[in-house]
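Could you put together the complete structure from these sequences and hints?
So the sequences go chain by chain: S and V. Note that the numbering used here gives residue 247 to position 258 of the first sequence, counting from 1, and the numbers run on in steps of one. Note that the numbering used here gives residue 125 to position 136 of the second sequence, counting from 1, and the numbers run on in steps of one.
These aren't lab readings, by the way, just hints derived from the structure by calculation. Accuracy of the hints is not assured; some may be wrong.
Remember, identical chains collapse to one label, so a pair may be satisfied in a single copy or spanning two.
[As the list claims (entries may be wrong)] No farther apart than 27 Å at their CA atoms in a straight line, the calculated lysine-lysine pairs in the DSS-like style are these:
hint, residue 1, residue 2
1, 176, 67
2, 232, 260
3, 43, 139
4, 83, 155
One-letter residues, chain by chain:
Protein chains: 2
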Amino acid sequence: MIRIAVDAMGGDFAPECNVKGAVSALAANKEIEVILIGNEEAVDPILKGLEYDKDRLEVIHTTEVIETSDEPAIAVLKKKDSSLVAGMKMLKNKEADAFVSAGSSGAILVGGQIIAGHIGNVRRAPLVVEVPTVEGKSLLLDCGANVDAKPEYLLQFAIMGTLYAKYIMHKENPTVGLLNIGTEEYKGNALTRAAYPLLKECDQINFVGNVEARGLPFGEADIYVCDAFAGNIALKTFEGVGKALLKQIKASLMTSFSGKMGGLLIKPSLKGLMKTFDSSEDGGAPLLGLNGLVIKAHGNSTDVQIKNAILQCIGFAENDLTDKIEKAVEA
Amino acid sequence: MIRIAVDAMGGDFAPECNVKGAVSALAANKEIEVILIGNEEAVDPILKGLEYDKDRLEVIHTTEVIETSDEPAIAVLKKKDSSLVAGMKMLKNKEADAFVSAGSSGAILVGGQIIAGHIGNVRRAPLVVEVPTVEGKSLLLDCGANVDAKPEYLLQFAIMGTLYAKYIMHKENPTVGLLNIGTEEYKGNALTRAAYPLLKECDQINFVGNVEARGLPFGEADIYVCDAFAGNIALKTFEGVGKALLKQIKASLMTSFSGKMGGLLIKPSLKGLMKTFDSSEDGGAPLLGLNGLVIKAHGNSTDVQIKNAILQCIGFAENDLTDKIEKAVEA
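Written out as structure tokens, the structure is:
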């Protein structure tokens, strides 16, 4: 049995979507147990209307909620009886294998690192996003957890990303690129120039050198390693340009009759494509290198996304990824 | 008369496109003089076949060429009789108002800062790109010149960007956003957190706070200020996603009959759109804050692009932008 703790109170549609998502996940997979963490008074009435395997669902009562408007570090320290803090503590105490939350991103990142804690020699836990590409998917890490990173963090990100790509994305010998502003070894800022030789010398990864952001949507590398500032800029630009371009295409089609006719005809193809480039059905982004797995689900997660985020934890547990990360980073 | 020096030897299609572009620019505007810098033996035969106003074109002979494979800083110091170094010296000595080069980007950035030199109190010269948006165009600076920037550089970039947006893009009271990974004041890395209060307190700019990269293609701010690493990541992701998405749309249309038919019908609309999101006819990217204007044209510039890069210099000169920048940064 894989034990997955779920923050019932975090997210725009909590607790309803969180509870419903948890129940759907239980139905979809018999190998999991779900621990719903949140206020019983809010959670129980929703559960009452649903059918599920009562042996595999437990509710842990908490009274506080960390809001997205709370200052993350302060909230994590002060709101000790919050669903988010309780979930992180379960990881720390090995009472759960994974914790899923759609709550405050900042609090998840801080809580993961200071309450759940890093495993073994891991220095920092990166937030990992699977980015859609022309070839399939590439990994981008760190996407949001550690700005002002140190070169050795990037090396650890590369090692953890390699394990993720191997065991979760089933890529053989995945390539690692250092996200940079030019391909030559001397290019970049102080961080990338210092990280380059560390990555080059590491025999646990398949390092292919510096890679430019231009190649990201083309899947030029399987894994893109960077600090959280650069990763977040790349990811958000990616999302924004995708949205803007599709908006512009629609608008430009409306300016002529042939465009309108053509637009109707291409609608099915375009819809399929948008789905590939869209992450709204994905579960969430993992934080790697902690005591157990933390999945940061979107703040606006629906029940389907919460369900998917819960199911995402299974591959991690089945492959003992936390254990593998500990050993690989040790070496 | 505006005197514009042109690097005849830099770029993939030099000297032919450079010479032809210069001659086209002369024909397009009677207020400019062009100084072509390069090897006479290569330049003169091309000029011979062209018609132009001989009083407004001068050739300055140089014997060396900085290649893109040269290490920029070393090349700028050692190749003293190169077209690029000669052009930068003309700016320094006020023998030209502007210098256009499609040569080695690195050498242009280094040469601009160490040979042409910063004007007045300007600390660093940012590379400026006009990014296409749903609303028109936004400015992104620094896009490539200064990685590991200091907070006060970002403040100067904001002031210079504001003048550019006002006088060259004709925007009234243009908004300045600090490119960041969240909108709250405390968000970001050490650089953006230190730059925020400087920008907030400056009364020469219309600062609207932190802006995320997601809003870039929507023109959320008129001017995006950042260090060159972040700017380059945003710009290259922008270009890459645009290309990848259009490639995917084409491919997805070919998978069905209705898609193919629709594709034919939308072709004209899509072409217009691609032109808006494409920068291939643009001249080049200015380096602001130097003694005179430097325009970095694309390495693969055609004669049309060289011509446009030369004509781009006119607005700068007519508006005394170099002078305005000197005074604004002084204050």
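Hints not upheld, ascending by number: Structure breaks hint 3 only.
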